[in-house]
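Asker: Sequence:
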Amino acid sequence: MHKQMKAACLKRLNRIEGQVRGLAKMVEDDRYCIDVVTQISAVRAALRRVEEEVLRDHVAHCVEHAIASGNASDQRRKVAELMDVLARSSR
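Residue numbers for the sequence shown follow this note's numbering, so the first one is 6 and each next one is one higher.
In case anyone wonders, no lab produced these hints; they're calculated from the structure.
Among the hints, erroneous ones may be present.
Within a straight-line C-alpha distance of at most 30 angstroms, the following computed BS3-like cross-link-like pairs (lysine-lysine) qualify [unchecked claim]: (1) Lys-83 - Lys-30; (2) Lys-83 - Lys-11; (3) Lys-11 - Lys-30; (4) Lys-83 - Lys-16; (5) Lys-30 - Lys-16.
Computed beta-carbon distance windows for the label pairs [to be verified]: (6) Leu-60 - Asn-19: 13 to 21 angstroms; (7) Ala-13 - Arg-82: 36 to 44 angstroms; (8) Asp-79 - Asp-35: 19 to 27 angstroms; (9) Val-90 - Ala-50: 48 to 56 angstroms; (10) Ala-13 - Gln-80: 40 to 48 angstroms; (11) Val-48 - Leu-87: 22 to 30 angstroms; (12) Arg-81 - Ala-47: 19 to 27 angstroms.
Note that CB positions come from ideal geometry on N, CA and C, so glycine has one too.
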């Protein structure tokens, strides 16, 4: 992962960590259920954005490198990896 992308992902993940702590506090404080569910949805959306950025970086570097290498087995492996992770993330 490139340094700039890594820094951006870590910044987002730290923000998400704060959101999760806020969720725990909401539960402890017996906040209204719909408010808690709304915040859970916000956390999941934020995690999806991080996931998209990591995948975008992976395709731009790891998959692109495999394609440029001309190594057919490496290319197939990278594409299979990508397909597997996309299938899991859509569940």
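Asker: If a hint holds in the structure, say so; if it doesn't, say that too.
Answerer: Status of each hint after checking the structure:
Restraint check for Lys-83 and Lys-30: the C-alpha separation of about 41 angstroms exceeds 30 angstroms, so the hint is violated. Restraint check for Lys-83 and Lys-11: the C-alpha separation of about 21 angstroms stays at or below 30 angstroms, so the hint holds. A distance of roughly 29 angstroms separates the Cα atoms of Lys-11 and Lys-30; the hinted pair therefore holds under the 30 angstroms criterion. For a cut-off of 30 angstroms, the pair hint linking Lys-83 to Lys-16 stands: about 27 angstroms separates their Cα positions.
For the hint pairing Lys-30 with Lys-16, the CA-to-CA distance comes to about 21 angstroms; that is within 30 angstroms, so the pair holds. Separated by about 20 angstroms at the C-beta atoms, Leu-60 and Asn-19 satisfy the suggested range of 13 to 21 angstroms. A C-beta distance of roughly 27 angstroms is found between Ala-13 and Arg-82, which places it outside the suggested range of 36 to 44 angstroms. Between Asp-79 and Asp-35 the Cβ separation comes to about 54 angstroms, which falls outside the hinted range of 19 to 27 angstroms.
The given range of 48 to 56 angstroms is broken by Val-90 and Ala-50, whose C-beta atoms sit roughly 19 angstroms from each other. With their beta carbons about 28 angstroms apart, Ala-13 and Gln-80 fall outside the hinted range of 40 to 48 angstroms. In this structure the supplied range 22 to 30 angstroms holds for Val-48 paired with Leu-87, their Cβ-Cβ distance being about 25 angstroms. Between Arg-81 and Ala-47 the beta carbons are some 38 angstroms apart, a value that contradicts the proposed interval 19 to 27 angstroms.
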